[in-house]
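Go ahead and model the full structure; you've got the sequences and the hints to work with.
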Amino acid sequence: MSEPRLVEVRRNVLKQNDVIAHALRSQFRAAGAFVVSLVSSPGSGKTTFLEKTLTQLQPRYRVAALVGDLATENDAVRLARSKAPVKQITTGTLCHLEAAMVQNALKDWNLHDLDFLFIENVGNLVCPSSYDLGENLRLVLMSVNEGEDKPLKFPTIFNSATLRL
Amino acid sequence: MHELSIAMGIVDAALDESQRRGVQVSAVHLRLGALSGVVKDALMFSWEVACQDTPPQGSQLIVEDVPVIVFCTQCQVERELPSVQLFACPECGAATMDIRQGKELEVFAIEVQEEEVRE
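Read top to bottom, the protein sequences are chains B and S. The first sequence finishes on residue 624 if you use the working numbering, and the numbering steps up by one all the way, no holes. The second sequence finishes on residue 120 if you use the working numbering, and the numbering steps up by one all the way, no holes.
The set of hints was computed from the structure by calculation and includes no laboratory data. Just to be clear, a hint being listed does not mean it is correct.
[What the hints assert, rightly or not] DEER-style ranges, computed between Cβ atoms:
1) S:Pro68 with B:His481: 24 to 34 Å
2) S:Pro91 with B:Val536: 17 to 27 Å
3) B:Ala489 with S:Gln58: 16 to 26 Å
4) B:Asp608 with S:Asp66: 22 to 32 Å
[What the hints assert, rightly or not] With a straight-line Cα cutoff of 20 Å, these simulated DMTMM-like cross-link-like pairs (lysine to aspartate or glutamate) come out:
5) B:Lys542 with B:Asp567
6) S:Lys41 with S:Asp66
7) B:Lys546 with B:Asp572
8) S:Lys104 with B:Asp591
9) S:Lys41 with S:Glu105
10) B:Lys612 with S:Asp42
11) B:Lys566 with B:Asp477
12) B:Lys474 with S:Glu79
13) B:Lys542 with B:Asp591
14) S:Lys104 with B:Asp477
15) B:Lys511 with B:Glu532
16) B:Lys474 with S:Asp17
17) B:Lys566 with B:Asp608
18) B:Lys566 with B:Glu532
19) B:Lys542 with B:Glu532
20) S:Lys104 with S:Glu79
21) B:Lys511 with B:Asp574
22) B:Lys474 with S:Glu105
[Stated by the list, open to error] Below, a sample of chain S positions facing chain B; criterion: calculated Cβ distance under 8 Å:
23) Ala14
24) Leu16
25) Arg22
26) Gln86
27) Cys90
This one's a predicted model, so the numbers in the text were calculated from it and none came from an experiment. Just so you know, even glycine gets a beta-carbon here, dropped at the ideal spot from N, CA and C.
Now the structure itself:
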């Protein structure tokens, strides 16, 4: 056996996710669908915000939503009250959505039928920040009653977001 | 806690690189940005589990912390941030979101053990 040798490889670990996210982004652009992802802690109001947004946008725009949770279809049921097409993604034990799950959930939807697609991530201020979903913009929500210092405590997600509400 | 799946991604990358070269991996060098969203301790903890029953089993994960560097438009230079909580130039205080470094999650190199090639 020879001495260990250092070989430079330079590989991005999340490349597989990034490749899928990139493909999704091209697909969204080609179809003319604008995609917004929502992240926040559990219980800060993502679903309420989204339900109202879907309802208000609908007279003028074609909208739809994907919603991620570890378990239950509760949020999909709530969002469906807006009458917009909604699909629940249940992640099992996974704490965030990945691009492949979005791709899979969109399989039987025609993106050309949409002006806006909303993707509600799993309630979590940590893990979703690492995963590109192909969205045009990422919206992070916070409510003061969950602690006004959330942006200081979870800087990565707040810095990675396009909009902070 | 998504570090285990990230550790498995690192194992896959190292395995792929080593198999292409026909070598055995003894260590993996990772560049980890302060904005990568990955916790170093949790990643180190996951490493052994992620390697189990794969050829890199028993290999070492060596993590290089990569600090955040931003470009300050006031000073017209790149500055290293002392913390990820405040995106402002540490010298002049001007706010900036022009991030030049710090999102890395990259297998930078692998240490390999090669069999001597016999003539």
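Results of checking the hints against the structure:
Evaluation of the 24 to 34 Å hint for Pro68 of chain S and His481 of chain B yields a pass: the beta carbon distance comes to about 27 Å. The hint said 17 to 27 Å for the Cβ distance between Pro91 of chain S and Val536 of chain B, and at roughly 49 Å that hint is violated. Here the CB-CB span from Ala489 of chain B to Gln58 of chain S is close to 44 Å, at odds with the stated 16 to 26 Å. About 25 Å separates the C-beta atoms of Asp608 of chain B and Asp66 of chain S, a value consistent with the hinted range of 22 to 32 Å.
The suggested pairing of Lys542 of chain B with Asp567 of chain B holds, with an alpha-carbon distance near 18 Å, which does not exceed 20 Å. The hinted pair formed by Lys41 of chain S and Asp66 of chain S meets the criterion: a straight-line CA distance of about 9 Å does not exceed 20 Å. Our distance criterion of 20 Å between C-alpha atoms is met by Lys546 of chain B and Asp572 of chain B, whose separation comes to about 15 Å. This hinted pair checks out: Lys104 of chain S and Asp591 of chain B have alpha carbons roughly 12 Å apart, not beyond 20 Å.
At most 20 Å may separate the alpha-carbon atoms for a hinted pair to count; Lys41 of chain S and Glu105 of chain S meet this at roughly 13 Å. The hinted pair formed by Lys612 of chain B and Asp42 of chain S meets the criterion: a straight-line CA distance of about 18 Å does not exceed 20 Å. With a C-alpha separation of about 18 Å, the suggested pair Lys566 of chain B and Asp477 of chain B falls inside the 20 Å cut-off, and the hint holds. As the CA atoms of Lys474 of chain B and Glu79 of chain S are separated by approximately 27 Å, the hinted pair breaks the 20 Å bound.
A hinted pair counts as satisfied when its Cα atoms are at most 20 Å apart, and Lys542 of chain B with Asp591 of chain B does not qualify at roughly 28 Å. Annotation: proposed proximity of Lys104 of chain S to Asp477 of chain B holds, straight-line Cα distance about 13 Å (limit 20 Å). Restraint check for Lys511 of chain B and Glu532 of chain B: the C-alpha separation of about 18 Å stays at or below 20 Å, so the hint holds. Only pairs whose Cα atoms come within 20 Å are accepted, and Lys474 of chain B paired with Asp17 of chain S is accepted, the gap being roughly 13 Å.
This hinted pair does not check out: Lys566 of chain B and Asp608 of chain B have alpha carbons roughly 39 Å apart, beyond 20 Å. Between Lys566 of chain B and Glu532 of chain B the alpha-carbon distance is near 19 Å, which keeps this suggested pair within the 20 Å criterion. About 16 Å separates the Cα atoms of Lys542 of chain B and Glu532 of chain B, which keeps this hinted pair within 20 Å; it holds. Distance restraint check for Lys104 of chain S and Glu79 of chain S: the Cα-Cα separation of roughly 16 Å lies within the 20 Å cut-off, and the hinted pair is therefore satisfied.
About 17 Å separates the Cα atoms of Lys511 of chain B and Asp574 of chain B, which keeps this hinted pair within 20 Å; it holds. A distance of roughly 12 Å separates the Cα atoms of Lys474 of chain B and Glu105 of chain S; the hinted pair therefore holds under the 20 Å criterion. Checking Ala14 of chain S against chain B by beta carbon gives a least distance of about 5 Å; that is within 8 Å, so the hint holds. The restraint placing Leu16 of chain S at the interface with chain B is violated, with a minimum CB-CB distance near 11 Å, outside the 8 Å limit.
At its closest, the beta carbon of Arg22 of chain S sits 7 Å from a beta carbon of chain B; the interface hint therefore holds under the 8 Å criterion. For Gln86 of chain S, the shortest C-beta to C-beta distance to chain B is roughly 5 Å, which falls under 8 Å, so the interface hint holds. Taking 8 Å as the C-beta contact cut-off toward chain B, the hint placing Cys90 of chain S at the interface is violated, the least distance being around 15 Å.
The structure shown violates the earlier hints numbered 2, 3, 12, 13, 17, 24, 27.
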